[in-house]
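Number of protein chains: 2
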Amino acid sequence: MEQIMIQELKTILIENNKEYLNAFVSKFQHFDIAAMLSELEQGEQLMFISQVPIPLGAEILEYLEPELQYKILDRIKDDFTSGLVNEMSSDMIVNLLLSIHPHQAKKLMDFLPDDYRGKINTLMNYEPNTAGRLATVDYIAARINWTVDQTLHHIRKVGHEAEIVSYIYVLGSRGELVGVVSLKEIILARSGTKLGEFVQGNPISVPVDMHQEEVVEVLSNYDLVAIPVVAQDQRMIGIITVDDLIDVIHEEATEDFQKLGGSQPLDEPYFKNSVWSLFKKRIGWLLILFVAEAYTGSVLRHYEDTLSEQIALAFFVPLLIGTGGNTGSQTVTTLVRALAVGEIQFKDMFKVFRKEVSTGLCLGISMGSFALIRAFFLGVNVGTASVVAISALFIVIWASMVAAVLPMILHKLKMDPAVVSGPFITTLVDGTGLIIYFTMAKIILHL
Amino acid sequence: MEQIMIQELKTILIENNKEYLNAFVSKFQHFDIAAMLSELEQGEQLMFISQVPIPLGAEILEYLEPELQYKILDRIKDDFTSGLVNEMSSDMIVNLLLSIHPHQAKKLMDFLPDDYRGKINTLMNYEPNTAGRLATVDYIAARINWTVDQTLHHIRKVGHEAEIVSYIYVLGSRGELVGVVSLKEIILARSGTKLGEFVQGNPISVPVDMHQEEVVEVLSNYDLVAIPVVAQDQRMIGIITVDDLIDVIHEEATEDFQKLGGSQPLDEPYFKNSVWSLFKKRIGWLLILFVAEAYTGSVLRHYEDTLSEQIALAFFVPLLIGTGGNTGSQTVTTLVRALAVGEIQFKDMFKVFRKEVSTGLCLGISMGSFALIRAFFLGVNVGTASVVAISALFIVIWASMVAAVLPMILHKLKMDPAVVSGPFITTLVDGTGLIIYFTMAKIILHL
Numbered sequence: 001m002e003q004i005m006i007q008e009l010k011t012i013l014i015e016n017n018k019e020y021l022n023a024f025v026s027k028f029q030h031f032d033i034a035a036m037l038s039e040l041e042q043g044e045q046l047m048f049i050s051q052v053p054i055p056l057g058a059e060i061l062e063y064l065e066p067e068l069q070y071k072i073l074d075r076i077k078d079d080f081t082s083g084l085v086n087e088m089s090s091d092m093i094v095n096l097l098l099s100i101h102p103h104q105a106k107k108l109m110d111f112l113p114d115d116y117r118g119k120i121n122t123l124m125n126y127e128p129n130t131a132g133r134l135a136t137v138d139y140i141a142a143r144i145n146w147t148v149d150q151t152l153h154h155i156r157k158v159g160h161e162a163e164i165v166s167y168i169y170v171l172g173s174r175g176e177l178v179g180v181v182s183l184k185e186i187i188l189a190r191s192g193t194k195l196g197e198f199v200q201g202n203p204i205s206v207p208v209d210m211h212q213e214e215v216v217e218v219l220s221n222y223d224l225v226a227i228p229v230v231a232q233d234q235r236m237i238g239i240i241t242v243d244d245l246i247d248v249i250h251e252e253a254t255e256d257f258q259k260l261g262g263s264q265p266l267d268e269p270y271f272k273n274s275v276w277s278l279f280k281k282r283i284g285w286l287l288i289l290f291v292a293e294a295y296t297g298s299v300l301r302h303y304e305d306t307l308s309e310q311i312a313l314a315f316f317v318p319l320l321i322g323t324g325g326n327t328g329s330q331t332v333t334t335l336v337r338a339l340a341v342g343e344i345q346f347k348d349m350f351k352v353f354r355k356e357v358s359t360g361l362c363l364g365i366s367m368g369s370f371a372l373i374r375a376f377f378l379g380v381n382v383g384t385a386s387v388v389a390i391s392a393l394f395i396v397i398w399a400s401m402v403a404a405v406l407p408m409i410l411h412k413l414k415m416d417p418a419v420v421s422g423p424f425i426t427t428l429v430d431g432t433g434l435i436i437y438f439t440m441a442k443i444i445l446h447l
Numbered sequence: 001m002e003q004i005m006i007q008e009l010k011t012i013l014i015e016n017n018k019e020y021l022n023a024f025v026s027k028f029q030h031f032d033i034a035a036m037l038s039e040l041e042q043g044e045q046l047m048f049i050s051q052v053p054i055p056l057g058a059e060i061l062e063y064l065e066p067e068l069q070y071k072i073l074d075r076i077k078d079d080f081t082s083g084l085v086n087e088m089s090s091d092m093i094v095n096l097l098l099s100i101h102p103h104q105a106k107k108l109m110d111f112l113p114d115d116y117r118g119k120i121n122t123l124m125n126y127e128p129n130t131a132g133r134l135a136t137v138d139y140i141a142a143r144i145n146w147t148v149d150q151t152l153h154h155i156r157k158v159g160h161e162a163e164i165v166s167y168i169y170v171l172g173s174r175g176e177l178v179g180v181v182s183l184k185e186i187i188l189a190r191s192g193t194k195l196g197e198f199v200q201g202n203p204i205s206v207p208v209d210m211h212q213e214e215v216v217e218v219l220s221n222y223d224l225v226a227i228p229v230v231a232q233d234q235r236m237i238g239i240i241t242v243d244d245l246i247d248v249i250h251e252e253a254t255e256d257f258q259k260l261g262g263s264q265p266l267d268e269p270y271f272k273n274s275v276w277s278l279f280k281k282r283i284g285w286l287l288i289l290f291v292a293e294a295y296t297g298s299v300l301r302h303y304e305d306t307l308s309e310q311i312a313l314a315f316f317v318p319l320l321i322g323t324g325g326n327t328g329s330q331t332v333t334t335l336v337r338a339l340a341v342g343e344i345q346f347k348d349m350f351k352v353f354r355k356e357v358s359t360g361l362c363l364g365i366s367m368g369s370f371a372l373i374r375a376f377f378l379g380v381n382v383g384t385a386s387v388v389a390i391s392a393l394f395i396v397i398w399a400s401m402v403a404a405v406l407p408m409i410l411h412k413l414k415m416d417p418a419v420v421s422g423p424f425i426t427t428l429v430d431g432t433g434l435i436i437y438f439t440m441a442k443i444i445l446h447l
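Line order of the protein sequences matches chains A and B.
Numbering-wise, our numbering puts 437 at position 437 of the first sequence, and it's gapless, one number per residue.
Numbering-wise, our numbering puts 76 at position 76 of the second sequence, and it's gapless, one number per residue.
There could be a bad hint or two in this list.
[What the hints assert, rightly or not] Below, simulated BS3-like cross-link-like pairs (lysine-lysine); rule was C-alpha separation at most 30 Å, straight line:
1. Lys414/B x Lys280/B
2. Lys184/A x Lys157/A
3. Lys351/A x Lys71/B
4. Lys18/A x Lys184/B
5. Lys412/A x Lys412/B
6. Lys414/B x Lys442/B
7. Lys351/A x Lys280/B
8. Lys10/A x Lys119/B
9. Lys351/A x Lys281/B
10. Lys27/A x Lys272/B
11. Lys272/A x Lys414/B
12. Lys71/A x Lys18/A
13. Lys194/B x Lys184/A
14. Lys412/B x Lys280/B
15. Lys272/A x Lys107/A
16. Lys184/B x Lys157/A
17. Lys194/A x Lys280/B
18. Lys414/B x Lys351/B
19. Lys119/B x Lys184/A
20. Lys27/A x Lys107/A
21. Lys347/B x Lys272/A
22. Lys10/B x Lys281/A
23. Lys71/B x Lys18/B
24. Lys194/B x Lys27/A
25. Lys10/A x Lys281/B
26. Lys184/B x Lys184/A
27. Lys119/B x Lys107/B
28. Lys194/A x Lys107/B
29. Lys27/A x Lys10/B
30. Lys347/A x Lys272/B
Treat the hints as calculated values from the structure; they're not laboratory data.
None of the values given here were measured: they were computed from a predicted structure.
All chains should be modelled from the sequences, with the hints used to inform the complete structure.
Below is the structure:
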């Protein structure tokens, strides 16, 4: 069906009839039009953008990738480019300008009026992944001594450019944020009322340099649709809207997934990564884990005599260390995630430890029993079977302990707990698990 | 500092002075007051809720856990209970009623007026994790033939109860959703204009039975702050607000984390799970993986003679299968996440496969070289060292292949790709890796 729509759009573009085009476009959401647009040939894309009204064109452009935005803006007539960049929201402009070559960015910025260019320049200079970088300056501000009627008049005048009109940010004389009023409150207030009379003081805001992950936490705690960003002197810089933060939430979760899988996080969506970039992100941890795992070789060589005497012990090596690794991986992913969303904190360390060790004990007893059964089925002697079962018990408990403690400690040390990935804990438990296993063998089998 | 605030609040409650209390409360955000409230003794909580204005009390209650909401509502005077449940938003009421015992729910529902109780009952009957269950009926609807003035008058009348006033949902004669207008548009429109003249048709909406994960996708694609939910006949049921969906996003990501860690997802936040519940969620996969891993024992017993002849082969077993597992885990977590956020699809299967196998080849060559070095350091003969190095190469490539294909196939089969957890792929690669290793040994060492 979508292909049919694209064909229809292509035909309309050939006919070069603005009315048909606008009638067609009005049937769809901007996101869907953007999706169609990116399927068109370059010439058709330019024709499209030159034929729709500029505010609509700007809105559709915002849904495209920065590369495509630039290609279009660079190739259409100058007055369209100028109109479009001035209509696009400031956070989108910042994102676009930072994604292209500085020379190209310079060219586009020349289309902006001086004061707006200054604002954009400021936004671009904030550190990546901070509140400042996510902020848009397209919000509505009002002064505390205005009446609701003055404010409504102002909203009517500037509202077209704002991303969010449901909240109006009330500023003091130095431009400092003193409160927030909702459009609902302004509409519901009696005519003549001054904003100062009902403004909510102590508005929630975030400092420009706050990390985006913390901004997400603030926003989801307070259930806001937009959050103001302020400088050190409380001067208002801009707002961050919830739709941009949803992208941040996805991004941060994706990073944690990749870390927990034992890889450095990818900076770009999957397909934008070359084989070489995937290789670079993965080889580091693989090597570290390889070196850590290498000592299992030394442990096994150390027990070479035990092993030759009772070769059946070797049969259970992958099973035992695998089970230990699996237990550790279960605990570690659960805890790293719980730390990331704030469900647990360092002060809960003891509670977490007790819960995990108790769970580990139950799991250990179960896995020990199954290991015993498995050993009998493999036809080994009673001694070896008991060694396997008891080792399974202890390895599972040990894995639970290590996996419970490490993420908490890293969190306390302000390091990212997701460093303790599944592969990391598995590797750690492999070597130590072998020591447990062979120690049991030596004691029980008197080897 | 927070403790000081709680102390101050306790003192104010003892003084039993409403004015002091309201002055204190006005200094904080509702979320922060709720946090303090949950730290108070039960008696103090009841005193607090009975002394603040009911609309404020209802807003604060919404930030508490359902258990605590019920404890408070059950113990205060009936007219407070009645006032509060009527002020709370309908999605919160539904969440509360579903979290308590049906008898208790029945008691609370008696406080609601008949028509509202009917609506709540309908919302409660939708399946968990669907759009219907997340919906709230506290939205503003208008008729298509109203003027902007009539609409503003209506907003002034009912706006106090709405969760979102920035959008007004325009309904046809049968209550079917025909369009959406923003409050901004109503304010900006000339007096006397009818909604029909500027309403956006084809509004985005989701069907009541859509899964919450899909609702999130729609909402983030279209950058909305609220999304209308409609029945099969397009009749409007309610809206879902973005703040509730942020919780869903967190929830769904947490589930995927837990699955990827090789555990069934927990239904509740971490600390709400007993040891027994953690045990139940984990033992299933541990056992399945144990059974799958158990065949490594059979593989090793099969090669018992090879192993006794060349005991040094055993030294490298954990290192080789560990490295294979780590490679697989890196690939699988990256792909499962990319599938979950829609970055890759089944049709990309071949592209993904080629990328992963190429990356696996590079990683395999690197790891093979390091394995060779490690083997020399452990002082084994050249033959065994080559076996180890070549096995490392093939095991890494093999792990990449398996990890690239499995999540895609599960996704295609409409199964959750997160089932292919890190532990799952590790286990799978363990046994097959051993077969690769011993086959190489037989060929190269002529054992």
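So if I understand the rule, the pair passes when the alpha-carbon distance is 30 Å or less; does Lys10/A with Lys119/B pass? 46 Å, violated
With a cut-off of 30 Å on the C-alpha distance, tell me whether Lys194/B and Lys27/A pass. Distance ~20 Å between Lys194/B and Lys27/A Cα, so the pair holds.
Between the alpha carbons of Lys194/B and Lys184/A, is the straight-line distance 30 Å or under? 21 Å, holds
Given the hint that Lys184/A pairs with Lys157/A, does the C-alpha gap stay at or below 30 Å? 18 Å, holds
Does the structure keep Lys10/A and Lys281/B at a Cα separation of 30 Å or less? Violated, at about 54 Å.
Pair hint Lys347/A and Lys272/B, alpha-carbon separation not exceeding 30 Å: Cα-Cα ~17 Å, so holds.
Hinted pair Lys272/A and Lys107/A, Cα distance within 30 Å: Holds, because 26 Å separates the two Cα atoms, which is no more than 30 Å.
With the threshold set at 30 Å, check whether the alpha-carbon distance from Lys18/A to Lys184/B stays at or below it. 27 Å, holds
Given pair status - Lys18/A, Lys71/A, alpha carbons within 30 Å: 22 Å, holds
Measure nothing beyond the straight line between the CA atoms of Lys71/B and Lys18/B; if it is 30 Å or shorter, mark the hint as holding. 22 Å, holds
Given hint Lys351/B paired with Lys414/B - CA-CA distance at most 30 Å: Measuring from Cα to Cα gives roughly 20 Å; hence the hint holds.
Check the hint pairing Lys414/B with Lys442/B against an upper bound of 30 Å on the C-alpha distance. 41 Å, violated
Violated hints for the displayed structure, listed by number in ascending order: 5, 6, 8, 10, 17, 20, 22, 25, 28 and 29.
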